[in-house]
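Engineer: Sequence:
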Amino acid sequence: MESKNIYASKVLDYMEEIGLKDNRQFTPVDVYAIQNMNRLQRMMDECMDGAVDGVMTEHFGRALQQYNRYNQLKYQERYAKASEQEGRATEVTVGFYLTDDDYPIVSVVYEFCPRRCSDVPKVVVAMQSFIATHSGWEIFDLNTDAEWQGISCDRSLVEFLHYEDHINEIQKFFLEKLNELHEIKVKNPDLHWK
Numbered sequence: 022m023e024s025k026n027i028y029a030s031k032v033l034d035y036m037e038e039i040g041l042k043d044n045r046q047f048t049p050v051d052v053y054a055i056q057n058m059n060r061l062q063r064m065m066d067e068c069m070d071g072a073v074d075g076v077m078t079e080h081f082g083r084a085l086q087q088y089n090r091y092n093q094l095k096y097q098e099r100y101a102k103a104s105e106q107e108g109r110a111t112e113v114t115v116g117f118y119l120t121d122d123d124y125p126i127v128s129v130v131y132e133f134c135p136r137r138c139s140d141v142p143k144v145v146v147a148m149q150s151f152i153a154t155h156s157g158w159e160i161f162d163l164n165t166d167a168e169w170q171g172i173s174c175d176r177s178l179v180e181f182l183h184y185e186d187h188i189n190e191i192q193k194f195f196l197e198k199l200n201e202l203h204e205i206k207v208k209n210p211d212l213h214w215k
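In my numbering, the protein residues as written are 22 to 215.
Since the hints were made in silico from the structure, they are not lab data. Please read these numbers as outputs of a predicted model, since none were measured by experiment. Each hint should be verified, as a subset may be incorrect.
Derived SDA-like pairs: lysine to any residue, alpha-carbon spacing no greater than 25 angstroms straight-line [stated by the list, open to error]:
| hint | residue 1 | residue 2 |
| --- | --- | --- |
| 1 | K206 | R137 |
| 2 | K206 | P135 |
| 3 | K143 | H203 |
| 4 | K206 | F151 |
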């Protein structure tokens, strides 16, 4: 009898790990989300395209193609536009990050991959110097075994919902933070830029 309980426990653990422990029924919220998925993607794209794409391209080079955003959503829980810098050692990203909170995070990120970045200490010093003079930016995963480490300026999507035009306000946030972030490139032109 005990071996059956252990087996049942292992099966439940496995089901939870792959997401099958939950009720396998679509809720009305799920159906609504599916029906509005294309609209939501268009809105998120509009936040990152146009003027934001122009400034990102001007300051940091052309961003990855859109098709990659769908893979990011599935595997990295983000819907973002990223401009990979020289040797993919660093990248600049704008986008939406899914969290366990009720609302996603709207974020601008400058990050590096320690395996690909030949001068991590120099990049870290530049980041620390930058956040010392720019409020709202925070370091994440520094000195950990995370594949990507860096700085980000994050806002909960809920902070934009009281405005009449959510997309315009998110674009203004992205533009302001990309322009701030450009200062790192200007002050440190030798740090793996395109």
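Engineer: Given the hint that K206 pairs with R137, does the C-alpha gap stay at or below 25 angstroms?
Structural biologist: holds (18 angstroms)
Engineer: Given the hint that K206 pairs with P135, does the C-alpha gap stay at or below 25 angstroms?
Structural biologist: Roughly 18 angstroms between the alpha carbons, so the hint for K206 and P135 holds.
Engineer: Below or equal to 25 angstroms on CA atoms is what counts here, so check K143 against H203.
Structural biologist: holds (17 angstroms)
Engineer: Is the hinted pair K206 and F151 satisfied, with a Cα-Cα distance of at most 25 angstroms?
Structural biologist: Since the Cα atoms of K206 and F151 sit roughly 11 angstroms apart, the hinted pair holds (cutoff 25 angstroms).
Of the numbered hints listed earlier, not one is contradicted by the structure.
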